[in-house]
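Below are the chains, spelled out letter by letter.
Number of protein chains: 2
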Amino acid sequence: MKILIKDVDIIQYNEEIEVKKSVFVGIENDTIKFISEKKLENFNPDYEIDGKNKLLLPGFINSHTHLPMSLLRNVGSDTSLMDWLYNHIFPKEKTLTKEHIYYGSILTLAEMIKCGTTGINDMYFLSENVCKAAYDSGIRASIGVSINGDILSENIKQEIKQVYSKYHNLDNGRIQVAIAPHAMYTCSKEFLIDSLELAKQLNVSIHTHIAETKTEYDYSIEKYGVSPVKYFDELGYFDIKVMAAHCVHLDDEDIDIISNKKVICLHNPSSNLKLASGFSPIHKIIAKQGIVTIGTDGCASNNNVNIIEEMHIASLIHKGYNMDPMLVKASEVLKMATQNGKHIFGIDNMGNIREGYKADLVMIDMNKPHLYPNFDTVSNIVYSAQGSDVDTVIVDGKILMEKRQLKTIDLEKLYFEINKLIS
Amino acid sequence: MKILIKDVDIIQYNEEIEVKKSVFVGIENDTIKFISEKKLENFNPDYEIDGKNKLLLPGFINSHTHLPMSLLRNVGSDTSLMDWLYNHIFPKEKTLTKEHIYYGSILTLAEMIKCGTTGINDMYFLSENVCKAAYDSGIRASIGVSINGDILSENIKQEIKQVYSKYHNLDNGRIQVAIAPHAMYTCSKEFLIDSLELAKQLNVSIHTHIAETKTEYDYSIEKYGVSPVKYFDELGYFDIKVMAAHCVHLDDEDIDIISNKKVICLHNPSSNLKLASGFSPIHKIIAKQGIVTIGTDGCASNNNVNIIEEMHIASLIHKGYNMDPMLVKASEVLKMATQNGKHIFGIDNMGNIREGYKADLVMIDMNKPHLYPNFDTVSNIVYSAQGSDVDTVIVDGKILMEKRQLKTIDLEKLYFEINKLIS
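Same order as they appear, the protein sequences are chains A and B. The numbering of the first sequence is this note's numbering, which starts it at 1 and goes up by one. The numbering of the second sequence is this note's numbering, which starts it at 1 and goes up by one.
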């Protein structure tokens, strides 16, 4: 399939971020074939997209999600964390079947694609059904098999291996599988060590929660004598690719470890605020050339999965909290939400608009009163844009949304299926 | 004009917030005439609106704005406050003509109406042109004549009286004029005293900035020996209606004064974060039955005027900053952003959906993946909704937007006029 996007402005990450005006972008299969000032004569597209008054960006990557939690959206809002978890979320989660997981995931993916998300990093239980949903939707996905407990039993290993063999690297590598031990306080040391071994054996990434709350930090110090980051480090976790959600409660040594060992920090500003976890010191990780990405967390603790709104919130809160309006600049936030996602998938030629790069792209309709006048495109996207400004979403060279119409998800059918499940 | 909204769910503020399902709402002229379970036989509407799958709310009030600043949107982002003001904003502001003020205001009003704003509280210079824009757009507005200096000269008084006589209480009271001495650090004591006298004489409100930054707080203590709030209190300001933007740096006595004297606190979370001003202790004002409302500030320091996104940010940040997930609940935030706006306009029968109340209403399209399933309507609107979910906006019984089409503003003509001004 060859697609030609005509007369479109593009954002390109060079030494600085550059906006190139009115170019032609050719896509062949999963790859950006060319970027040129005029249409190439020898490129015969199967499909053409008009890019006038639109801006093409590398797609947004939502780096920490729990897809099926759309079915728990706005359940138990404004309660204390423990009340929320033990009296609202956990009892409801116990009732979720494979069908809930699949359709809840599709619902979240519909919302995500509508906000310009081209890739996600998920973790949940019954994850085979999450994989199927991600596969069906056309999104790029790293799906963590969420596990916890004292002993990594043969049953758990079997589940992981089954999901791995069925979905890992499926569809041109679009779906990847990761192992997701939930957290240091829900998994024993032995469990974590065995999980790491299995990840090494299968050559997959680890996705986990690290240092989300002060309670977790204190628990780690009390039980193991070290911070959660140092605990994981001492277990050897950071010798392989670890994607660490939250990273809120970090001391200076933790920040050094995360930055130096290229742990992928999954920053979830809304969730950290809503659940009163605190403010992650991402500006310090950025300053030390660490890898920071942006996630919404599950939409029960947000309560949406709008990556553009999340980017806006990430751009604001660190300035206010640290009393420095020059912290976490728009250009940094935009890269966090787009380019840095390539580390999750381990794909080098991704997250930029260049020849030979993955055609994971988002086109934003700039013809909106809130984006006008456009004195500074990057600032405009980070501080002013809305999720609903996203017009077109392309993943691996396939169109998932055009003119705001979803191509891979039938919303009416989806509501019908979910109504049956929740009534 | 009689309008009938059919088969719509409504939010009603009673002792608790209630959602009433599938009702009929009749509007006659500027007033809600009835709310009933079925269509009244003797009400013959001129116009009918289908409310199926939609939610009707009291309109959102953006309580602190500088309308013309859309023309400075994203100018000087990510610079220090003083650099931003003195090297970016002030030089540009000096070049603004009456035409910039008018068309810049209309542009902001277009964005505001698209996000469900039915009322605003503004302050800017050349305010007669802001008044005209607000009048032309159909929005409800309190427009502050922004002033500052050492001496309240006859020229300034004349300008205020001219705007007052031309616009105050125009169109059924839809437009109100206020006096807006900029801040305690840009106005002398004598200037502030004379401004207050004039406000009393004209029987209008005062709109000003109070305790926005730590610098202002320290300046006040150093120069006058008291906090900004106590300084204004000692000048007698809080004997009349004062609308105080920001209220970030408050001590416990300040919080008591603001709460007890019913100063209208205009909370601007995004601006306070972006400019690194800090976190207003609104939860303490709410706890003392003070009046808190929500504003976006000018869109140069936000950088949008999306009141629904602002409400979401207000709902999140105080939980995170004060490490308490039960602070500033969704129900409180929704009232802050809607009902509490009535204090700005001094209209008692406003900000609720009841018979005899002002027909300032917003209808939200709930048929969106990010609002489904709807387990908790209030939480859904505050935490999950987007500005673009607003379908219809009615002010004083007149339709300003329907099915997302603006009725009073021609965007293409507006862009044409602004392009001439900024090119």
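Derived by calculation from the structure, the hints in this document are not laboratory data. A few of these clues could be false.
Since copy identity is lost for identical chains, a pair holds within one copy or between any two.
Unchecked claim - Straight-line C-alpha distance at most 20 Å; calculated EDC-like pairs for lysine to aspartate or glutamate:
no.: 1; residue 1: K368; residue 2: E417
no.: 2; residue 1: K132; residue 2: E37
no.: 3; residue 1: K52; residue 2: E412
no.: 4; residue 1: K420; residue 2: D376
Status of the hints after comparison with the structure:
no., hint, verdict
1, K368 to E417, "between (35 Å within a copy, 15 Å between copies)"
2, K132 to E37, "neither (40 Å within a copy, 44 Å between copies)"
3, K52 to E412, "between (31 Å within a copy, 15 Å between copies)"
4, K420 to D376, "between (47 Å within a copy, 19 Å between copies)"
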